[in-house]
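J.: The primary structure of each chain is shown beneath.
Number of protein chains: 2
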Amino acid sequence: MEYDYLIDNGLLITMEKGLPIIEEGSVLVKDGVIEACGQTNEFVGVNAKNHIIADKKIIMPGLINCHTHLPMSMFRGLADDLPLDVWLNEHIFPAEAEQVNPESVKKWSRHSCQEMLLSGTTTCCDGYFHEDNVARAIIESGIRAVTGQGVIDFPAPGVPDPKKNIQTAIEFVKHYKDEFPLLSPSIFCHSPYTCSKETLKAAKKAAIDLDVLFQVHVAETQNEVKMIQKLGNMSIVEYLESLEILDEKTLMVHSVWIDDKDISIIQKCGASVAHCPESNMKLASGVAPIPKLIGKNIPVGLGTDGCASNNDHDLFAEMDTVAKLHKVALLDPCVMDARTTLKMATIQGAKAIGLDKVTGSIEKGKRADIILVDIQKPHMVPMYDPYSSLVYSAKSSDVNWVMVDGRILVQDQRIL
Amino acid sequence: MEYDYLIDNGLLITMEKGLPIIEEGSVLVKDGVIEACGQTNEFVGVNAKNHIIADKKIIMPGLINCHTHLPMSMFRGLADDLPLDVWLNEHIFPAEAEQVNPESVKKWSRHSCQEMLLSGTTTCCDGYFHEDNVARAIIESGIRAVTGQGVIDFPAPGVPDPKKNIQTAIEFVKHYKDEFPLLSPSIFCHSPYTCSKETLKAAKKAAIDLDVLFQVHVAETQNEVKMIQKLGNMSIVEYLESLEILDEKTLMVHSVWIDDKDISIIQKCGASVAHCPESNMKLASGVAPIPKLIGKNIPVGLGTDGCASNNDHDLFAEMDTVAKLHKVALLDPCVMDARTTLKMATIQGAKAIGLDKVTGSIEKGKRADIILVDIQKPHMVPMYDPYSSLVYSAKSSDVNWVMVDGRILVQDQRIL
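Respectively, the protein sequence lines represent chains A and B.
The opening position of the first sequence corresponds to residue 1 in this note's numbering, with each subsequent residue numbered one higher.
The opening position of the second sequence corresponds to residue 1 in this note's numbering, with each subsequent residue numbered one higher.
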């Protein structure tokens, strides 16, 4: 039997159960699938068309970015350090009205895909408007993605009449479903404060009927909590539960202002959370209770959010930040240890967006989403514990080589 | 007149008063001194031995790392995610006892200097033991530095008898003072909880007599505050003031657990602060009231701390973190804006360690500590505001070229 790739002799971090480390490890790939992984000496004499030497590098699964608005890289650094309402109403909304169109959406989505691939991200979960143009950029780039056409009760780019918001989102899903193996369409309902009860219910019903992920921003700011409380003295999570929005296929983005009761509801319903620490910090939204969510075995993935509020797609930086943020917020240096953090950016992120059977770890049978990380630069030396090195010392610029679904997309830090 | 270098046609961020930006800017260097800077078209026909084209790059002052323990890169990632006492007593102290010697100190200081130079840092302020070996590594590397031999009331590497701690520190200063233009010796007194009243006073007296900077860790943890309170129901800052430790040549490192009264004392005395946000986060020490300190015009610089508690020397990452940390801690997106943050990492840092006449900005008459930052990679595009791009998007790997005191030390991301 001839394989496509033998990735050989690297420090193999599989992120599979038990988090084993193989010091001299190899991975075999054929037809986009991981056929085997293990000790390098087990693969002597194996026949592969391409031999990738991973000497002095970590072999690990590609990172999963659980929350993006890819086209928003066009607004990177447009307006920073401002109060949230000034930022949104005076800068971002007017800029969106003026600059967001099918061409710009495609152009900047392509740009964001390049940025993500160069920094070791092999899967993202996106939601925006003109999402068909996002999808086209994603397909061209070769990255894996979940994508959702935005549903919001206001005139939006590409959907001037909000009455058509759900139908547009449904058509998007129908168009892309099962058509492109790397692209999983979904429904992206903006939030409980920008969508009515009826919109939320109808959008979730569509997601259930179509059997796709339902993404929704939840409890990002204190203001939002107050707005929803006015509707019936409920927390946002209780409100969403009452609308039957929360289940195993719901991704709750942000979830900053939630309490223990809310966490129990999320756990009971089986919903997942996308945590965007840098965005929450930069917009001064707050610190989500992530260690508590993880303690309840709720799948939590890591997201960068859009580039208007971060301002990049760098999950290595995000890992470093998330591990440190929760320590200082809880005055406990033991929370968010390096292993938990790296799981959040890989296998738990994959689980949060419903792709853990496909990606998020290096295991026989999974698709080959693999990156190589250089460990020779001064900031990576010495290395006592590869998990610690990856979370606290590695930079996205250490990512040297990226494979998605068995295709090499980055080599020597360059997009192919 | 023939100059040594004309650095030409870059986006010039001088960090001088008023923070002017020159879109097509140039800098002239002779004998290690900045002779002129301004619009590129003003320099047509100027005669320079070396012409550095800074096209598609930012020209800016090198960054100032206000708190390091350079040899501690040998412990990078040795022990993470642990309670402070376990980390110190079971890991760091035993490792120091076993591994810290003149050779290892020199080796890992050299390693840290390389890491700093590659990431755009041109000045650091260091304190450790065997500091003469740190100093030798620094001099060989060509970086600018303030260095202090550690004073502590316990047996320490190289100073087994604590009775000799101050004399050793004084000898260090005398040996290096005015000998090496890039190296400013200082006294590094560990902390009020590891040094007696007598040691603190004697060490500060030595610093005054020798006219050098006095570095001291202050109020890093809540525990430390409680320990000092037992001495006389005073805050740490009040205690240090009562010992006449605080003046314009005192650098208070950390200053996390201080209140408004303490801040008034610091302001009155004219002391400076070194803020180490990532170290304070990772060790779960707390969030220092930096926006308040800056509001009182107290010079605050940025530091990485040692690599056992960060785990790198990356001031670009530190800038991104510090700008976001204080926003979320105060739930105010306007604090620590990009300009304030970049000042902290350059001119204010230089001021905090007493080198603002020498470095920290690109101005006629200052020493030529200059870096070039690539602005072409996807994460730096688009660029609406260079300050925002440098703080929120740039990575240390974008640093392409580094000059210290008129000598090129990094070219094309490699140490020369």
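Derived from the structure by calculation, the hints contain no laboratory data.
Certain hints may be false.
One copy or two, either will do: identical chains are not told apart, so a pair holds if it fits within one copy or between any two.
Claimed, not checked - Cut-off 25 angstroms, straight-line C-alpha distance, at most; resulting in silico cross-link-like pairs (PhoX-like, lysine-lysine):
id, residue 1, residue 2
1, Lys17, Lys226
2, Lys226, Lys164
3, Lys357, Lys226
4, Lys226, Lys177
5, Lys261, Lys292
6, Lys292, Lys56
7, Lys230, Lys296
8, Lys205, Lys292
9, Lys107, Lys377
10, Lys107, Lys56
11, Lys107, Lys364
12, Lys49, Lys377
13, Lys377, Lys30
14, Lys107, Lys226
15, Lys268, Lys377
16, Lys230, Lys357
17, Lys107, Lys30
Treat the numbers as computed from the prediction; the structure is a model and nothing was measured.
J.: Now tell me, hint by hint, if it's right for this structure.
T.: Status of the hints after comparison with the structure:
1. Within a single copy, Lys17 and Lys226 get their C-alpha atoms no closer than 41 angstroms, and across copies no closer than 43 angstroms, so neither meets the 25 angstroms cut-off.
2. Neither within a single protomer nor between protomers do Lys226 and Lys164 lie at most 25 angstroms apart by alpha-carbon distance, with minima of 28 angstroms and 62 angstroms respectively.
3. In this assembly of identical chains, Lys357 and Lys226 lie within 25 angstroms of each other by CA distance neither inside one copy nor across copies; the values are 38 angstroms within and 51 angstroms between.
4. When the C-alpha separation of Lys226 and Lys177 is checked against a cutoff of 25 angstroms, the pair qualifies neither within a copy, at 37 angstroms, nor between copies, at 61 angstroms.
5. Taking identical chains as interchangeable, the C-alpha atoms of Lys261 and Lys292 lie at most 25 angstroms apart only when both belong to the same chain, with a minimum of 12 angstroms there against 36 angstroms between chains.
6. Neither within a single protomer nor between protomers do Lys292 and Lys56 lie at most 25 angstroms apart by alpha-carbon distance, with minima of 37 angstroms and 46 angstroms respectively.
7. Taking identical chains as interchangeable, the C-alpha atoms of Lys230 and Lys296 are never at most 25 angstroms apart, the minima being 29 angstroms within one chain and 41 angstroms between chains.
8. Neither within a single protomer nor between protomers do Lys205 and Lys292 lie at most 25 angstroms apart by alpha-carbon distance, with minima of 29 angstroms and 50 angstroms respectively.
9. Within a single copy, Lys107 and Lys377 get their C-alpha atoms only as close as 33 angstroms, which misses the 25 angstroms cut-off; across copies the closest is 15 angstroms, which meets it.
10. Taking identical chains as interchangeable, the C-alpha atoms of Lys107 and Lys56 lie at most 25 angstroms apart only when they sit on different chains, with a minimum of 21 angstroms there against 36 angstroms within one chain.
11. Within a single copy, Lys107 and Lys364 get their C-alpha atoms no closer than 36 angstroms, and across copies no closer than 43 angstroms, so neither meets the 25 angstroms cut-off.
12. Taking CA atoms no more than 25 angstroms apart as the test, Lys49 paired with Lys377 passes in neither setting, with 30 angstroms inside one copy and 32 angstroms between copies.
13. Taking the shortest alpha-carbon separations for Lys377 and Lys30, neither the intra-copy value of 31 angstroms nor the inter-copy value of 32 angstroms comes in at or below 25 angstroms.
14. For the identical chains of this complex, Lys107 and Lys226 are neighbours neither inside a copy (37 angstroms) nor across copies (57 angstroms), given an alpha-carbon limit of 25 angstroms.
15. Within a single copy, Lys268 and Lys377 get their C-alpha atoms no closer than 45 angstroms, and across copies no closer than 44 angstroms, so neither meets the 25 angstroms cut-off.
16. In this assembly of identical chains, Lys230 and Lys357 lie within 25 angstroms of each other by CA distance neither inside one copy nor across copies; the values are 41 angstroms within and 58 angstroms between.
17. In this assembly of identical chains, the alpha carbons of Lys107 and Lys30 never lie at most 25 angstroms apart, being 32 angstroms within a copy and 45 angstroms across copies at closest.
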